[in-house]
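J.: In case you want the letters, here they are:
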Amino acid sequence: MTDWIDRSLSAQAEALRAGQVSAVALMEATLARIDARSALDAVTWIAPDALEQAAAADRALAEGQETGPLHGLPVALKDLFEAEGQPNTCGSRSMPEGGMPADSAPVAALRRAGALPVLRVATYEFALTGPAWDQPYPPARNPWNPRHITGGSSSGSAAAVAGGLVRVALGTDTGGSVRSPASYCGIVGLKPTRGRVPDSGVFPLSGTLDTVGPLAASVAEAALILDVISGEGMAPASGELGQDPAGMRIGFARDWVLDPEADPSLLPLLDDAVGVLSRLGLGVDLIEMPDYALAEAAGCVIIQHEAWQIHAARLAENGAAYGRDARLNLVTGAALDQADVQAAEAHARDLTRAVDRALEGRDAIVSATTLTPAPAFSDFENGAVWTPMRTFPFNITGHPAISLPCGLLDGLPIGLQIIGRHGEEARICRIAEAFELATDHCLQHPPL
Amino acid sequence: MADEKLSLEDLLVRLEEKGVTLAEDEQAAALAAARDLRRRAALLAQQRGQADD
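The listed protein sequences derive, respectively, from chains A and B.
According to the numbering used here, numbering within the first sequence proceeds without interruption in unit steps and concludes at 450.
According to the numbering used here, numbering within the second sequence proceeds without interruption in unit steps and concludes at 719.
Since the hints were derived computationally from the structure, they do not count as laboratory data.
This one's a predicted model, so the numbers in the text were calculated from it and none came from an experiment.
Among these hints, one or two may not hold up.
[Claimed, not checked] Label pairs and their calculated CB-CB ranges:
no., chain 1, residue 1, chain 2, residue 2, range
1, A, Gly425, B, Gly715, 28 to 36 Å
2, B, Thr687, A, Arg61, 36 to 44 Å
3, A, Glu263, B, Glu675, 28 to 36 Å
4, A, Asp293, B, Glu692, 30 to 38 Å
5, A, Asp51, B, Glu675, 26 to 34 Å
Virtual Cβ for every residue (Gly too), placed ideally from N, Cα, C.
Produce the entire structure from the sequences given, and follow the hints as far as they go.
T.: Put into structure tokens, the structure is as follows:
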């Protein structure tokens, strides 16, 4: 029965409705897969009544009750989302034990769509920094090579999807935490427009930059989940799937990859990816992007300032319960002055205008997601290491961005990033899906 | 313009204002990380200054 859980969410939902498979069978196969691949350290908690919830879903179907698009399908939650009755450790020993009293907004939306959010997956502590070995659970491992990290902070979400445990998992993206683990693990990560997904009940890192988004096995599944968790009145992310992208126009941010920190094989891979898009009929312009280091600096200042505001009182009360790297990361925020924050906010406004200008007359910008494949755990033996990415600017500007696999470097996957205008997730999903279908990158699976 | 010359004493005073303390063996690493953040802030301040000119 395990073959069903390797099929798309839509295919599974259709099979459920047609009586070809039951929710209990899907859940049993999922639990068996999690057990068989426990070395990934992706899943940190399983609802004790997961099978009962699946049985209830089967009964609802049998009784002809109205069902949502995710009826009876398991979904994983980054251990940062509150869910009724579930612990929410945020990857930290400083959090109180016990079940949460209510669902966060995204989890409530998943349940309304019929999903069974019965799995919790690893996160870097409070979505800050990792990997670390002083959290309540070990760091998730990259399914492509367990000696390599998954990236973070949605580490377990990426490992669970890439490892074939679930088709989709929720994550959060404050500086790239959905897109970079998606890049490192060879899956799809979709960071929506800021404000599109209500996030009450999701533990914050930075109120300004936090964005809830899906990590998924395919573009269509990412769009489906985003549509389920989006606030009211949003244009569907899945609205243009299947439409021919010919005639659309993209800007290629090639200059962002000309960086000494980039893997030397990345640029040819990206050139090939853009070549594919060109052959699909998209017009391509080389564009000059704003200075990345400045954008990253602005993002770091905003995150560290806001994270310090959130955690200072907690650190004063219970700082010893935080992991070392998380504690050292958080206290840096105390070194900032109001003028630093104002300069970062002013830069954010300039950057937003610059990206808007780059998108004038174009449907999207394409670039790399990360500049290297996933580093090895051994690189982190002496503490946190900064990994080069190209994700941060779009948290600052709020533009939607999707990462999807565009090839392997030394046997490890790496992602292509497609960025769109505010509110135009449908457009970037259309381009991403066309690329996905024109190549075999999404069909590559880790050697598990 | 942001000042990159953050001393350990300055950082510890700022932390103490919020009731946060660091173990002695963490202070050097915290200072290095805080200085790195201040360096980024200084980069931004410098760019803003140039923009204002």
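J.: All hints are to be evaluated individually against the structure, with a verdict given for each.
T.: Hint check results:
no.	hint	in the structure
1	A/Gly425 / B/Gly715: 28 to 36 Å	holds (34 Å)
2	B/Thr687 / A/Arg61: 36 to 44 Å	violated (55 Å)
3	A/Glu263 / B/Glu675: 28 to 36 Å	holds (34 Å)
4	A/Asp293 / B/Glu692: 30 to 38 Å	holds (33 Å)
5	A/Asp51 / B/Glu675: 26 to 34 Å	violated (54 Å)
The structure fails hints 2 and 5 (numbered hints given earlier, in ascending order).
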